[in-house]
Amino acid sequence: MDYITQGFKEAIKLLISLDKEVFKIVSLSILVSTSATVFASLISIPLGVYFGIKRFKGKRMFSRITYTMMSVPSVVVGLVVAIILSRRGPFGQFDLLYTKKAMIIAQTLLVMPLVFGLTYGLAKSRGDIIERVAFTLGANKFHTVTLIIRELKIDILVNIATAFSRAISEVGAVMIVGGNIKGYTRVITTTISMMNSMGDYPMAIALGLVLILISFVIHSIIYSYSQED
Amino acid sequence: MEITIENLERYYGDRRVLYIEKMEIEKGKITAITGPNGCGKTTLLNIIAGLDREFSGVIKYDGKYLNRETVDKMTIVFQKPYLFRRTVFENIEYPLRIRGINKVNRKPLVVDLAKGLEIENLMGKKAHLLSGGESQKVALARALVFKPELLLLDEPTSNIDPDAINTLEREILKFNKETECTVLIVTHNMEQAKRLGNRIIELSYN
Amino acid sequence: MKKIAVLLLSLLLIISMVACTPKTEEPVEPDVSKDVEETLDTPEVGEPTEPKKPIILSTTTSTQDSGLLDYLLPIFTEETGIEVKVIAVGTGKALQMGIDGEADVLLVHAKPDELQFVEDGHGTKRNDVMYNDFILVGPMDDPLNLKENYPGDILEGLKLMKENEFTFVSRGDDSGTHKKELGIWKEAGIEPAGAWYMDAGAGMGDVLKIANEKQGYTITDRATYLSMRDVLDLDIVTEGDENLLNQYGVIPVDPEKNDNINGEGALEFYNWMISDHGQDLIGGFGLEEYGQPLFFPNAN
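Chains as they are written, first to last, in the numbering used here: chain X, 1 to 229; chain A, 1001 to 1206; chain B, 2001 to 2300.
Simulated from the structure, these hints should not be mistaken for lab results. Keep in mind that the hints are not guaranteed to be accurate.
Pulled a few chain X residues facing chain B out of the computed Cβ check, cut under 7 angstroms [what the hints assert, rightly or not]:
#  : residue
1  : I83
2  : I84
3  : Q93
4  : T99
5  : K100
6  : K101
7  : G179
8  : M194
9  : Y201
10 : P202
11 : L211
Positions of the beta carbon are idealized from the N, C-alpha and C atoms, including for glycine.
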């Protein structure tokens, strides 16, 4: 049991001393997951709203597939991206595997269905009334979609935060396409996984605490923002 | 805008909720539609507004079927208005903004309407925090700001105070007179129908 | 629709419970009926084996990844009636599991650490089991011309690597292989650091894939390389240097640590591994598939 308390003590020490390696790992995690969340949101939010309010045949089936895609396992995404980006794969000539870019690509693909599904569900249940008003005021499709995004921005922000949490806490995809290379592609989750298999707990615990802290901060910001409005 | 309706039918499942053999809404006039609850007044309005397409029969606007151009020239004010989560000013200017009218030209149009409806003191307030009467005034201003040729009103004054009703009715009449906009108002209040309507149509159960 | 969904979900739940329950119970109290069944299934074993407690073997990823354990352990189980649960981790973690009393027996390769482990009283004894050899692999076109100039001298090869700051991928995971690699750098008198020296913090298979993608060099065990040769554009450039030999040891964990440790089973595994029979089996592994042994038995 000693090594647990010992681990916590050393973890706190690492955090207080702003250990350079910890800092580097944490900032890379934030960079990768933020980029992925931004890209995924830019693509998925307008599409989610568009399909959410659109009436079309087979929408029930479409909803079901969408909601299934939301929980696609990260290792599967990682595997697919690794196969595509590897030197023998279709995009092999770009030398992307085991780079930050590959990690961003994988996480973008991972959270895109999540953002899409959440936005889609939101627009489906609450976009209708806004769409009606927009229509009667002469808005076209583009105006309608942007209006709905603005009107539902708080809920959409919560969805974005959810996507970011998923991205920053997943380990499967970044491990496979990033390779956990020190100083290049090592992020919080891959380090924790590695430190555990090395039996080196303090660093793992320290990074675990940072991960929880990031989650807490993000959700506090969102919460206070939604209170303000 | 002139509207002609022929053999209009709307079903909810097996139940026919609306049937109109023939109806003409005269251009430039105010037509009031009254009738008991559930006689299809609101359904009719939604169909004319283009929000409900699940009907059979023919509706023509100035002799033509509904198209994009027609949609741009008409609007509807609902019984319970939905205002955007923005300021009153931004709500009212929205139709002008999406029509590409620049900021400098938007302002006087908005201010003018706001004065008439006695809401110029609310311009900076968040619209979704207003009272019922205030909300309805903002909704009307937002509907009138782009000078529609057809104005559809669905019980616009239910549940609001008499002062606000007076103001709203006055502005509707004024707008109709100044722009020769065709107005179609659905109301269960016969007095209001008489006050506003050049013509009253009573809809009955089908 | 909802009803069907609920039904499906509960079905899934039941299946997963049925599937999981016996597994979780197994290590605690071996199910007698199951063992009887097993004995019936394998009537060719002469003497009926008594139900025995399974052992937990903590070992390095290299023994697992090379397929050695998949080859050896079924034979061991058949002959002794002891089931082996393998936990394949880095040597650092494997030793830590021994210290924490979470494993019964260790099969690792970091001799100095192993000797220290026994000296500290965590293990009862240690014996050499086998060695394998490491190789330096690199891009097919061998940009540093190591194959031509230093086919059997790893130290010179590494010096050239450092001089040219050519990409080298390291395990960086505190595993036996990583320690071995660091030892060789030390022997060569080089402190490996810089952008060219990539610390992967991953298993051997992943490191080979990274070296392949980055077209760099890496030190790998022969077994893992051979098993992945077909999917890699990497070639052996240096081999045979005595610095590249890698000794494995077997250590039974001190059974006094806690009541859960299966000391008897661990001892049986220890003896089996260093017996002539066990040694022969080890030496024969890989002959068929690669035409060369992957591990060389050398118990004394």
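We went through each hint and held it up to the structure:
no.: 1; hint: I83; result: violated (11 angstroms)
no.: 2; hint: I84; result: violated (13 angstroms)
no.: 3; hint: Q93; result: violated (12 angstroms)
no.: 4; hint: T99; result: violated (9 angstroms)
no.: 5; hint: K100; result: violated (14 angstroms)
no.: 6; hint: K101; result: violated (13 angstroms)
no.: 7; hint: G179; result: holds (5 angstroms)
no.: 8; hint: M194; result: holds (4 angstroms)
no.: 9; hint: Y201; result: violated (9 angstroms)
no.: 10; hint: P202; result: violated (13 angstroms)
no.: 11; hint: L211; result: violated (17 angstroms)
When the structure is compared with the earlier hints, violations turn up for hints 1, 2, 3, 4, 5, 6, 9, 10 and 11 and for no others.
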